[in-house]
Each structure stands twice: as C-alpha cells, then as structure tokens.
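Chemist: The whole structure should be built from the sequences, with the hints applied where relevant.
Residues 519 to 594 in my numbering are what the sequence shown spells out, letter by letter.
Where hints are given, some of them may not hold.
Unchecked claim - Between beta-carbon pairs, the in silico distance windows are:
#1 589 with 544: 30 to 40 Å
#2 523 with 571: 28 to 38 Å
#3 526 with 570: 26 to 36 Å
#4 551 with 584: 15 to 25 Å
#5 570 with 521: 33 to 43 Å
#6 573 with 521: 33 to 43 Å
#7 552 with 578: 13 to 23 Å
#8 567 with 523: 31 to 41 Å
#9 563 with 524: 31 to 41 Å
#10 576 with 539: 35 to 45 Å
Stated by the list, open to error - Using 25 Å as the maximum straight-line C-alpha spacing, the simulated SDA-like pairs for lysine to any residue come out as follows:
#11 567 with 587
#12 559 with 532
#13 567 with 578
For the record, the hints were derived by calculation from the structure and aren't laboratory data.
The beta carbon of each residue, even a glycine, is placed where N, CA and C say it ideally should be.
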Amino acid sequence: MMTENIIALQAMRLEAQIFFELDKRKVMLRPCDSDLYPEVKIECFKDLKDYQAGDTIEVEVVAMQSSNGQSYFYSY
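Modeler: Here it is in structure tokens:
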C-alpha cells in the first residue's frame, strides 16, 4: 500500500465547469482555468443534479498538494 504525505493545504474559490465523466458515470467538476490547473478534477460532494454538462459555477475548494507532486481538489 502506498501512502502520500500532504505538504500543502489551501482553501480557495474558483470557477469550475460541470462535466460528465464516463468512466465513473457521474457528474464532476473541473477548473475553468486549465492552464493554471492542468488535469485537475474536483471531487465534489454537493448535489449537481440541477446543472447540466458545460455549465460553470463558482465553488469553494480545498486544494491539497501531496509529496509526490499530485494535486487534489475537494468541494463540499
């Protein structure tokens, strides 16, 4: 089992786009500024059923940077 150490934790507000991830078969979020946050998906724990793919919303996220260089974004 591999473990990761969290080396940075930050709360921020950003614009996110709603999209449907086929592999997970669920609606998810990704940052609109893909240049600043490439390949980052936001793990969202709020109900997005009132939105459609392509909509953009402003969300508060907790961003965690791990020791292996991975970034994880969570929105509640």
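Chemist: Would you mind marking each hint as holding or not holding in the structure?
Modeler: So, going through the hints one by one against the coordinates:
With their beta carbons about 20 Å apart, residue 589 and residue 544 fall outside the hinted range of 30 to 40 Å. Between residue 523 and residue 571 the C-beta distance comes to about 35 Å, which sits within the given range of 28 to 38 Å. Judged by the Cβ atoms, the range 26 to 36 Å given for residue 526 and residue 570 holds: they are separated by roughly 33 Å. In this structure the supplied range 15 to 25 Å holds for residue 551 paired with residue 584, their Cβ-Cβ distance being about 21 Å.
Between residue 570 and residue 521 the Cβ separation comes to about 38 Å, which falls inside the hinted range of 33 to 43 Å. In this structure the supplied range 33 to 43 Å holds for residue 573 paired with residue 521, their Cβ-Cβ distance being about 36 Å. The hint said 13 to 23 Å for the Cβ distance between residue 552 and residue 578, and at roughly 19 Å that hint holds. Between residue 567 and residue 523 the beta carbons are some 36 Å apart, a value that agrees with the proposed interval 31 to 41 Å.
One distance hint, 31 to 41 Å for the beta-carbon pair residue 563 and residue 524, is violated here, with the actual separation near 18 Å. Taken as a hint, the range 35 to 45 Å is violated for the pair residue 576 and residue 539, whose Cβ atoms sit roughly 21 Å apart. Restraint check for residue 567 and residue 587: the C-alpha separation of about 32 Å exceeds 25 Å, so the hint is violated. Between residue 559 and residue 532 the CA atoms are separated by roughly 13 Å; this keeps the pair inside 25 Å, and the hint holds.
Among the hinted pairs, residue 567 with residue 578 is consistent with the structure: their alpha-carbon atoms are about 18 Å apart, no more than 25 Å.
Against the hints set out earlier in the document, violations occur for numbers 1, 9, 10 and 11.
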